[in-house]
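Student: Given next are the chains, with one letter for each unit.
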Amino acid sequence: MDTKRCVFVGVGGQGNLLASSLLGEAALAAGIPAVVSEIHGMAQRGGVVESAVLMGEVTSPIVSNGEADVLVGFEPLETLRTIGKCSKETLVITNLQTLPPFTVSIGQGTYPPVDKVMELITAKVSRVIALKGNDLAEEAGNPLSLNMVMLGALIGSGALDVSADVMKETLSTSTKKAFLDSNLKAFDLGLKSAV
Amino acid sequence: MHKLLTDSPGKEMLLLGNEAVARGALEAGLSIATCYPGTPSSEIPLQFLRISQETELYFEYSTNEKVALEVGAGAAACGLRTMVTMKHVGLNVAADPLMTLAYVGVKGGMVIVNADDPSLFSSQNEQDNRFYARLSGLPMLEPSNTQEMKDMTIAAFELSEELELPVILRTTTRLNHVRGAVKLGELKPIRTKGEFKKNPFHYVTVPAVSRILHKELLEKCDKAAAKSEGWPENRITGKGKWGIFANGVSVNYVNDAIHDMGIGDKVRFMQVGMSWPLPKAKIAGFLKEVDQVLVVEELEPVMETDIKAIAQENGITIPIKGKGVGRLSRLYEYDPGMVRTAIAEYFDIDYKARAMVDLSDLPQLPGRPPNLCAGCPHRATYYAVKKVYGPEAVYPTDIGCYTLGLLPPISMADYLICMGSSVSSSCGFSEATDQKVVSFIGDSTFFHSGITGLVDAVHNNHKFTLVILDNGTTAMTGHQPHPGVNAELMGLDRTRISIEDVVRGCGVKDIHVVKPFKVNKTIEAIQASKDYDGVSVVISDELCPLFARATGQMRKTKPFRVNHDKCKDHRDCINYLACPAMFIEEERVVINRNLCIGCAVCAQVCPENAILPVKD
Chain A
1 MDTKRCVFVG VGGQGNLLAS SLLGEAALAA GIPAVVSEIH GMAQRGGVVE
51 SAVLMGEVTS PIVSNGEADV LVGFEPLETL RTIGKCSKET LVITNLQTLP
101 PFTVSIGQGT YPPVDKVMEL ITAKVSRVIA LKGNDLAEEA GNPLSLNMVM
151 LGALIGSGAL DVSADVMKET LSTSTKKAFL DSNLKAFDLG LKSAV
Chain B
1 MHKLLTDSPG KEMLLLGNEA VARGALEAGL SIATCYPGTP SSEIPLQFLR
51 ISQETELYFE YSTNEKVALE VGAGAAACGL RTMVTMKHVG LNVAADPLMT
101 LAYVGVKGGM VIVNADDPSL FSSQNEQDNR FYARLSGLPM LEPSNTQEMK
151 DMTIAAFELS EELELPVILR TTTRLNHVRG AVKLGELKPI RTKGEFKKNP
201 FHYVTVPAVS RILHKELLEK CDKAAAKSEG WPENRITGKG KWGIFANGVS
251 VNYVNDAIHD MGIGDKVRFM QVGMSWPLPK AKIAGFLKEV DQVLVVEELE
301 PVMETDIKAI AQENGITIPI KGKGVGRLSR LYEYDPGMVR TAIAEYFDID
351 YKARAMVDLS DLPQLPGRPP NLCAGCPHRA TYYAVKKVYG PEAVYPTDIG
401 CYTLGLLPPI SMADYLICMG SSVSSSCGFS EATDQKVVSF IGDSTFFHSG
451 ITGLVDAVHN NHKFTLVILD NGTTAMTGHQ PHPGVNAELM GLDRTRISIE
501 DVVRGCGVKD IHVVKPFKVN KTIEAIQASK DYDGVSVVIS DELCPLFARA
551 TGQMRKTKPF RVNHDKCKDH RDCINYLACP AMFIEEERVV INRNLCIGCA
601 VCAQVCPENA ILPVKD
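Going down the list, the sequences are from chains A and B. Per this note's numbering, residue 1 is the first one in the first sequence, and the count goes up by one each step. Per this note's numbering, residue 1 is the first one in the second sequence, and the count goes up by one each step.
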């Protein structure tokens, strides 16, 4: 069984903890041993939120620098900030749509142009999947379904041994019924943009 | 039904470490649970709160950790199984009862869950609470994954009852917040009542009694040490000549390193799952079989020192090292790569880690520190206080969301050491300097440990203003109730205690209750408090908007917008308030209507009156 180390990074409120936890559940359903790690607390309130899912012959709950097989970034600046988790072989999946931090609004630093961010990322790793995640979430009918879009892209990339069917089954049983249709739609849109 | 009440023994569930502890307690027949919430322990009591609404389990959010432990002690003396949960610094607050409860012991099993926070993800220090086991004489168990968190909780209750001693279950943030597969066992029925059998010459710790109890505690420690020798999670694997010891989450890093580097035939590895008392004979036996030893433990070299002592007692002179090998230090949490390279370096293994991408060409990236939410009343209170006192006053602060007032542009946090220190340190500041002193404390923290400091301030005639930020909930740790909340809103039957009454009862004569979203009135009240010669208290009363939304109390207000025809681009709004609903678009301030809750503070701050409610 292959060992896979996935890192998720986003901004508080983007839902990456739910995405990593759902992936962990799907792995378990597929018979793949998995550990998911999250950091709660100060990370909320608009700060950076990082989580990790490790699958296969591994029990450590975190991913060291350079050791991620996949980095899923929900926001381009945060993808770049977390790029140290990657080696040359890492697959990076990133949303292209920005959420500028308030420090930029009050003149502490500038948000680098997204083109520049992508240029830096692309030069460092072997494979990048970039998508307009928020637009796809809107298209799915729920702006809050960005996490489902990103999860779809991750499964669509084929980097993991978790199938789209198993993932969708997990979404059906473990997400709120009221959002199920838009979640599945968002997942499919993400999936299609990655294959 | 709560998922932790799932009655299917053998079923595997993906559980958060903290959920696994709660499930373990239920499988052990838990009757009483108490806590003061604190990251990373908070999700354990959160489960108990919900489960107590569905079952006979008694659960309370206690006023602070000392109270929580004493409530638990009384219940355990009646023979009921009791769990008390807290974060590592909470055990400092509970240290007084802990030390003598160890003498008195328990009848019903008592498990104290202690959550350490290496790397200080959300704490003021990263103290290593393994020392508390050594200080108190209480046994300590250290699980290494979610399954063990559940299983060791059950074992801890049994050990506690057998020894008649509380048992400390020590976790760290990585374990509290890891999700992993847990195989469920059988749930036990909940016993709701026990009986207290009087025995004052055991339970009343006057010196003559405690002299005997201390001796009894040492005898129990000997029994615990014997249990440790055969403890299943004091587990040795492998038969090689390279010896490794690890505890807690580091067990995984070592196991993965052995697997990843293919050195299984060379290593003898001991997981230390019962970390106090240590299994001295087992460790001595281990040391006799290996050529050199590496100790992998986060924070202090606690095991390392003990293992060296065991080696000395047994005349063993092999090299034993931990701290200082590779990047293994006393600071912060470890990670798998760090442990792998330390093992490779120490045992001279040819190993190359996967190279991290080059970061040298990264530009300076703008920071993204956490921020007070849009519509947070703390922002409004800070604004008003700064209007009156300016940036020069000394602002002792306390522990809660409002500690974020540290960051610019608010920059109104000057001193913080622990829960409640805002009030008491202000007594010292006001005596030791002529600078004005204004301290900030949240409602839950005020009940936790602010009251005694306020009594001190009034009694000793100190002069400062205390601002109590009353947002109706314990916001930081996830909206737990506290003695001052309207618990009915959360479907709970609890008696509400008025902060204003408490403040008055402490002898404070100058009290102002303000609504912080009414900016001018708030400024007036703070000015009045500044003019008062003595201890003045301002209670800033406005619900946390996240809590208000979650409990259906959100007032229907329109979001605001910037009228760019009137706006002269002073940017007072964004520069003084830095509300996350505001951003700059094409060099102008814009308000995100989806994030704005309509608190209207920015509209009152704008010199041009250019911020108005949206029209539709």
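Hints were generated in silico from the structure; no laboratory data involved. Don't be surprised by glycine CBs; every beta carbon is placed ideally from N, CA and C. Any given hint could be a false lead.
As the list claims (entries may be wrong) - Coverage of chain A stretches by chain B, computed from C-beta distances (three or more under 8 Å per stretch; other residues unrestricted):
no., segment
1, 156-166
2, 175-185
Said to hold, decoys possible - Calculated Cβ distances over 10 Å to all of chain A for the following chain B residues:
no., residue
3, Q53
4, C78
5, N125
6, I154
7, E164
8, T173
9, V206
10, K215
11, G230
12, N255
13, I263
14, G315
15, R330
16, P369
17, K515
Student: The structure should be examined with respect to each hint, and the outcome stated for every one.
Tutor: Hints, one by one, checked against the model:
{"no.": "1", "hint": "156-166", "verdict": "violated (count 0)"}
{"no.": "2", "hint": "175-185", "verdict": "violated (count 0)"}
{"no.": "3", "hint": "Q53", "verdict": "holds (21 Å)"}
{"no.": "4", "hint": "C78", "verdict": "holds (34 Å)"}
{"no.": "5", "hint": "N125", "verdict": "holds (15 Å)"}
{"no.": "6", "hint": "I154", "verdict": "holds (21 Å)"}
{"no.": "7", "hint": "E164", "verdict": "holds (35 Å)"}
{"no.": "8", "hint": "T173", "verdict": "violated (7 Å)"}
{"no.": "9", "hint": "V206", "verdict": "holds (42 Å)"}
{"no.": "10", "hint": "K215", "verdict": "holds (43 Å)"}
{"no.": "11", "hint": "G230", "verdict": "holds (24 Å)"}
{"no.": "12", "hint": "N255", "verdict": "violated (6 Å)"}
{"no.": "13", "hint": "I263", "verdict": "holds (15 Å)"}
{"no.": "14", "hint": "G315", "verdict": "holds (36 Å)"}
{"no.": "15", "hint": "R330", "verdict": "holds (19 Å)"}
{"no.": "16", "hint": "P369", "verdict": "violated (6 Å)"}
{"no.": "17", "hint": "K515", "verdict": "holds (23 Å)"}
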